[in-house]
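Chains B and X, in that order, are what the protein sequence lines are. The end of the first sequence is residue 571 by our numbering, with every number in the run present. The end of the second sequence is residue 258 by our numbering, with every number in the run present.
FYI, nobody ran anything at the bench for these hints, they're computed from the structure. Here the structure is a predicted model, which is why all the values come from computation and not from measurement. Each hint can be trusted.
Computed, partial: chain B to chain X, Cβ under 8 angstroms:
hint: 1; residue: 448
hint: 2; residue: 452
hint: 3; residue: 455
hint: 4; residue: 463
Ranges between beta-carbon positions, derived for each pair:
hint: 5; chain 1: B; residue 1: 401; chain 2: X; residue 2: 149; range: 47 to 57 angstroms
hint: 6; chain 1: X; residue 1: 123; chain 2: B; residue 2: 229; range: 48 to 58 angstroms
hint: 7; chain 1: B; residue 1: 328; chain 2: X; residue 2: 74; range: 39 to 49 angstroms
hint: 8; chain 1: X; residue 1: 152; chain 2: B; residue 2: 445; range: 19 to 29 angstroms
hint: 9; chain 1: B; residue 1: 556; chain 2: X; residue 2: 149; range: 22 to 32 angstroms
Covered by chain B, per the in silico footprint, the following chain X stretches (three or more residues, Cβ under 8 angstroms):
hint: 10; stretch: 89-100
hint: 11; stretch: 106-116
The C-beta atom is built at its ideal place from N, Cα and C for all residues, glycine as well.
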Amino acid sequence: MNTTIMLFLVQDGITNGAIYALLGLALVLVFAVTRVILIPQGEFVTFGALTYATLSAGNMPGTAQLAVAMGVVAFGLDLFGGRRSLHLRLVARAFAINILLPVAIYALTYWFAGKNTPIAVNIALSLLIVAAIGLFLYRLVFQPLAHTSVLVLLIASVGAHLALQGLGLVFFGAEGQRGPTISDAAFMVGPLRFTGQSIAVYAITIAFIVGLWLFFGLTLYGKALRATAVNRLGARLVGIRTTLSGQIAFLLASVIGALSGILIVPITTLYYDTGFLIGLKGFIAAIIGGLVSYPLTAVAALVVGTVEAFSSFYASNFKEVIVFTLILPVLVLRSLAAPEVEEEKD
Amino acid sequence: MSALLKVTDAHVAYGKVEAVRAVSLEVADNEIVTIIGANGAGKTTLLNAIMGILPLTGGVAFAGKDILQLEIEDRVATGLSLVPEHRELFGTMNVEDNLQLGAFRIAKAVAARSFERVYTLFPRLKERRKQLAGTLSGGEQQMLAMGRALMGAPKLLMLDEPSLGLAPIIVADIFRTIGELRAAGVSVLLVEQNAQAALKIADRAYVMELGEFILNGPASEIATNARVAASYLGFTHEGESKI
Numbered sequence: 226m227n228t229t230i231m232l233f234l235v236q237d238g239i240t241n242g243a244i245y246a247l248l249g250l251a252l253v254l255v256f257a258v259t260r261v262i263l264i265p266q267g268e269f270v271t272f273g274a275l276t277y278a279t280l281s282a283g284n285m286p287g288t289a290q291l292a293v294a295m296g297v298v299a300f301g302l303d304l305f306g307g308r309r310s311l312h313l314r315l316v317a318r319a320f321a322i323n324i325l326l327p328v329a330i331y332a333l334t335y336w337f338a339g340k341n342t343p344i345a346v347n348i349a350l351s352l353l354i355v356a357a358i359g360l361f362l363y364r365l366v367f368q369p370l371a372h373t374s375v376l377v378l379l380i381a382s383v384g385a386h387l388a389l390q391g392l393g394l395v396f397f398g399a400e401g402q403r404g405p406t407i408s409d410a411a412f413m414v415g416p417l418r419f420t421g422q423s424i425a426v427y428a429i430t431i432a433f434i435v436g437l438w439l440f441f442g443l444t445l446y447g448k449a450l451r452a453t454a455v456n457r458l459g460a461r462l463v464g465i466r467t468t469l470s471g472q473i474a475f476l477l478a479s480v481i482g483a484l485s486g487i488l489i490v491p492i493t494t495l496y497y498d499t500g501f502l503i504g505l506k507g508f509i510a511a512i513i514g515g516l517v518s519y520p521l522t523a524v525a526a527l528v529v530g531t532v533e534a535f536s537s538f539y540a541s542n543f544k545e546v547i548v549f550t551l552i553l554p555v556l557v558l559r560s561l562a563a564p565e566v567e568e569e570k571d
Numbered sequence: 016m017s018a019l020l021k022v023t024d025a026h027v028a029y030g031k032v033e034a035v036r037a038v039s040l041e042v043a044d045n046e047i048v049t050i051i052g053a054n055g056a057g058k059t060t061l062l063n064a065i066m067g068i069l070p071l072t073g074g075v076a077f078a079g080k081d082i083l084q085l086e087i088e089d090r091v092a093t094g095l096s097l098v099p100e101h102r103e104l105f106g107t108m109n110v111e112d113n114l115q116l117g118a119f120r121i122a123k124a125v126a127a128r129s130f131e132r133v134y135t136l137f138p139r140l141k142e143r144r145k146q147l148a149g150t151l152s153g154g155e156q157q158m159l160a161m162g163r164a165l166m167g168a169p170k171l172l173m174l175d176e177p178s179l180g181l182a183p184i185i186v187a188d189i190f191r192t193i194g195e196l197r198a199a200g201v202s203v204l205l206v207e208q209n210a211q212a213a214l215k216i217a218d219r220a221y222v223m224e225l226g227e228f229i230l231n232g233p234a235s236e237i238a239t240n241a242r243v244a245a246s247y248l249g250f251t252h253e254g255e256s257k258i
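Construct all of the structure, not just a fragment, from the sequences and the given hints.
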């Protein structure tokens with residue numbers, strides 16, 4: 226094989242791997258904080274990507290309505306949950322988060338849709354819409370189940386994935402879509418051609434990882450989130466609400482998912498169900514990282530991306546098979562290395 | 016004397032097994048109260064239920080408010096704090112972060128003062144403030160657990176077996192600190208198997224056996240009670256060897 230092709234494949238692999246790294250980090254974060262294996266992560270990707278594509282085409286995305294509808298249900302749940310001690314402040318707070326927020330996002334989207342809006346506005350709107358959906362997904366599906374086992378949470382997670390994927394078909398149709406690139410610039414380094422889009426992928430991935438690192442290392446809420454992941458009872462004993470941590474985790478995961486989608490939709494055509502496969506590759510990286518280690522997950526994601534690039538060149542029919550086979554030796558090694566089966570405490 | 020914590024006719028059950036039966040208890044402002052009893056008497060269960068970790072039937076009032084329906088986090092907000100038996104520290108975070116999170120619910124300015132107070136009580140923690148909590152010695156972890164609880168400026172601190180697994184010299188240190196807390200306006204509800212040390216610093220004591228309180232009164236009286244002496248203090252008064 227010649228070096229040029231190899232360099233191309235490595236470049237391609239790293240671009241994909243950067244996206245998988247973001248998704249893998251989100252999965253690890255959500256699992257550590259809420260014990261939810263976030264299968265719908267892929268739907269955040271497609272929702273983000275296709276909302277952005279729809280907005281760019283000048284149409285109103287259905288996801289904005291979904292956010293409002295989920296908010297209304299969440300408002301009902303909040304009122305029902307707090308029915309014993311309904312005071313004005315609680316109702317006002319629930320109203321602001323569950324009704325005002327999604328309605329405001331909907332209004333903004335309605336206002337901007339169809340006009341010739343700049344790309345940055347479309348990106349911001351897509352992120353806002355998916356962030357709201359992520360927040361309400363936690364409120365509707367996972368918060369009521371917070372005390373159950375990992376298995377129950379996993380089943381709910383699969384259910385949420387199927388429901389959101391179905392809604393994706395309703396909103397965006399069965400046809401694939403592409404979005405406009407963030408930047409059309411391109412330059413050559415030796416034989417390699419770097420597009421503005423791939424630079425944006427690297428830059429945003431690195432910025433996000435640094436941002437997350439600062440958030441977890443320096444801010445009180447970041448530390449609270451880590452504390453919940455390390456010791457849930459300890460966190461509750463200092464007054465950190467499990468639900469607050471869950472909300473922040475889901476908010477981050479949905480924004481990361483949507484951002485990944487927005488970054489890749491100019492490069493690849495996305496369908497309503499493509500997100501699942503992309504999310505699954507982030508999931509492989511997360512599993513290799515043992516669902517606990519962030520650096521290991523990031524490295525594993527780059528490996529997954531590279532393996533994918535090479536296998537799509539040499540054996541494109543078996544591309545997915547080869548990528549998913551990666552998980553087998555890792556699982557075998559992990560089960561051999563694990564000293565004992567840990568009992569699930571809660 | 017107004018009761019800060021008032022537990023009335025509390026029952027706690029694991030499934031069908033009642034671990035705590037018809038227990039009533041009071042802790043007043045600025046008071047150190049201890050619950051002593053053998054392993055498995057239900058002391059830890061009772062503390063956990065007061066904190067809201069386990070469901071309790073009966074009544075729990077704190078600072079004049081009924082807190083029975085409140086979640087753990089909201090009980091913390093009322094000024095009730097528990098240092099649990101297993102300490103439940105954030106092992107992969109450093110001492111300072113653990114303490115900072117202890118003040119999660121209170122304002123930044125108050126937290127700064129709490130830091131000073133905790134570091135004065137436990138100078139060891141200040142020396143180790145950049146060390147990971149999981150790598151501290153047992154005694155230091157206990158200090159950190161107490162420090163973290165105190166960061167939230169609680170009115171009542173509940174301590175579950177603070178001397179468990181610690182060297183005698185460190186136990187003495189911990190108990191001296193518990194005594195100092197009263198001066199700082201913190202009441203203490205102390206659960207201990209080390210009855211001798213507990214009775215020495217406490218104002219009042221409850222003796223727990225098989226999920227029930229069998230005795231209560233001023234700590235000095237309990238300490239001289241023949242039955243307690245025989246069962247929990249490891250010696251018998253002369254002429255009272257048979258009870």
